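Enquirer: One-letter residues, chain by chain:
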Amino acid sequence: MSRRVRLWLLAVGGAGLATLFVAAALDLPAFGGDRHPYGDRAVHASLARHTANVIASVNFDQRAFDTLGEMTILFAAVVGCVILLRQTRDEHRGRPAPETVARPVRRHALLLLPVALLTGLYVIAHGQLSPGGGFQGGVVAATSLHLLYLGADYRALERVRPVGLYETGDAIATSAYVVTGLAGLIGGTAFLANTVLPYGTFNTLSSGGTVPLLNAAVGMEVACAVVVLLARFLDQAVEIEEGNGK
Amino acid sequence: MDVFPYLVAGWVFLVGCYGLATSRNLIHAVGCLSVCQAGTYVLLLTVGYRDGATAPVFSDLKPGSRPVVDPVVQALTLTDVVVGATVTALLLALVVQISKRHGTVDPDELSELRG
Numbered sequence: 001m002s003r004r005v006r007l008w009l010l011a012v013g014g015a016g017l018a019t020l021f022v023a024a025a026l027d028l029p030a031f032g033g034d035r036h037p038y039g040d041r042a043v044h045a046s047l048a049r050h051t052a053n054v055i056a057s058v059n060f061d062q063r064a065f066d067t068l069g070e071m072t073i074l075f076a077a078v079v080g081c082v083i084l085l086r087q088t089r090d091e092h093r094g095r096p097a098p099e100t101v102a103r104p105v106r107r108h109a110l111l112l113l114p115v116a117l118l119t120g121l122y123v124i125a126h127g128q129l130s131p132g133g134g135f136q137g138g139v140v141a142a143t144s145l146h147l148l149y150l151g152a153d154y155r156a157l158e159r160v161r162p163v164g165l166y167e168t169g170d171a172i173a174t175s176a177y178v179v180t181g182l183a184g185l186i187g188g189t190a191f192l193a194n195t196v197l198p199y200g201t202f203n204t205l206s207s208g209g210t211v212p213l214l215n216a217a218v219g220m221e222v223a224c225a226v227v228v229l230l231a232r233f234l235d236q237a238v239e240i241e242e243g244n245g246k
Numbered sequence: 247m248d249v250f251p252y253l254v255a256g257w258v259f260l261v262g263c264y265g266l267a268t269s270r271n272l273i274h275a276v277g278c279l280s281v282c283q284a285g286t287y288v289l290l291l292t293v294g295y296r297d298g299a300t301a302p303v304f305s306d307l308k309p310g311s312r313p314v315v316d317p318v319v320q321a322l323t324l325t326d327v328v329v330g331a332t333v334t335a336l337l338l339a340l341v342v343q344i345s346k347r348h349g350t351v352d353p354d355e356l357s358e359l360r361g
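So the sequence lines, in the order shown, correspond to chains A and B. My numbering puts the first residue of the first sequence at 1, with every later residue one more than the last. My numbering puts the first residue of the second sequence at 247, with every later residue one more than the last.
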């Protein structure tokens, strides 16, 4: 298909989609309106199970099975990246030479690393109470390790980041989510049903039944996944060289 | 004015589609796909918005004292942001491989099959 034909096809399809979308938007409930039946019910269910953060309750209690699916997508994407970015036969690894790092950069990166790591773990641990949770905290914790790459050099980063260990951690976290779900079956209810643990006192760390456990599993999975992904891409950029001198 | 936020979501989505179709660089195409995704986030958050409402977190808010925005669509958006990021990483890994095997990232030059 030539570029002209493709553009015409896109224009026709886009115009059709735009017309249908505008027609649909005109019939939607008004923006900012007061009618949110699903939202109101979700808030009600979350408060009944002593989970202060309704979004965590939706993710890890009311729609926990859906989150299992998303975790599987995440896991599959990471496995795919690891396979696609592995070292092939005609490539070899070079030792990256240490680069000089400006003093202030080094100082700030090394100062901020423990702070960022602690913030990530805090966000994961308080997922059922305050805004945040496993998904966001995992990303913060994983990226904090990479401050070492900015502040020191690649070899220092490799020392705190044995990739194999993080790949195992990724798999363990995914399994932990499924095992927590199976506990519901053993307890005599449904898969991933939040009835195994007591709901605890509202607004404390142990509230919400299985929500904190599932939240922690997701946090660990996301953290490991991001570390593995960044490691593979950094490998490509820094270490792996093509054999035929390209 | 009431439909304006919905229209913004549709516009962002269509801009992403336009970029995908006219892209001459696969990395650019992956970026355009993320733009399409961002359009769906805008739509979801728009659907859940409520006038004068606050975040659906009750750690320092008395239940029932204020309206809260719809937590269901926020949860959907939140999970998809992270999953979308890893899927983008997978697509970029594919681009790295294509660039190594074929020496180009222009989708128009990738028409012939190679063993």
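Hints may be right or wrong, so weigh each one.
Partner residues are not named here, just some residues of chain A that face chain B (Cβ under 10 Å, in silico) [what the hints assert, rightly or not]:
no.	residue
1	Ala25
2	Ala76
3	His146
4	Tyr149
5	Ser206
Residues of chain B placed beyond 10 Å of chain A at every Cβ, according to the derived structure [unchecked claim]:
no.	residue
6	Cys263
7	Leu272
8	Ser305
What the hints contain is simulated information worked out from the structure, not anything from laboratory work. Quick caveat, the model's predicted, so the values are computed rather than measured. Just so it is clear, CB atoms sit at the ideal spot from N, CA and C, and this is done for glycine as well.
Enquirer: Each hint needs a verdict: does it hold in this structure or not?
Expert: Outcome of the hint check:
Satisfaction of the interface hint for Ala25 (chain A) is found here, the shortest Cβ-Cβ separation to chain B being roughly 4 Å, below the 10 Å cut-off. Using the Cβ-Cβ criterion of 10 Å, the hint placing Ala76 (chain A) at the interface with chain B is satisfied: the shortest such distance is roughly 8 Å. Given hint, His146 (chain A) at the interface with chain B, is violated; its Cβ is 14 Å from that chain's nearest Cβ, farther than 10 Å. Of the supplied interface hints, the one on Tyr149 (chain A) is violated, with its beta-carbon coming no nearer than about 17 Å to a beta-carbon of chain B, more than 10 Å.
A distance limit of 10 Å between C-beta atoms decides the matter here; for Ser206 (chain A) the minimum to chain B is near 14 Å, and the interface restraint is violated. With a least CB separation of 6 Å from chain A, Cys263 (chain B) falls inside the 10 Å interface cut-off, contrary to its annotation. The Cβ of Leu272 (chain B) sits about 14 Å from the closest Cβ of chain A, beyond the 10 Å cut-off, so the non-interface label holds. A Cβ of chain A approaches the Cβ of Ser305 (chain B) within 10 Å, the least distance being about 4 Å, so the stated non-interface status is violated.
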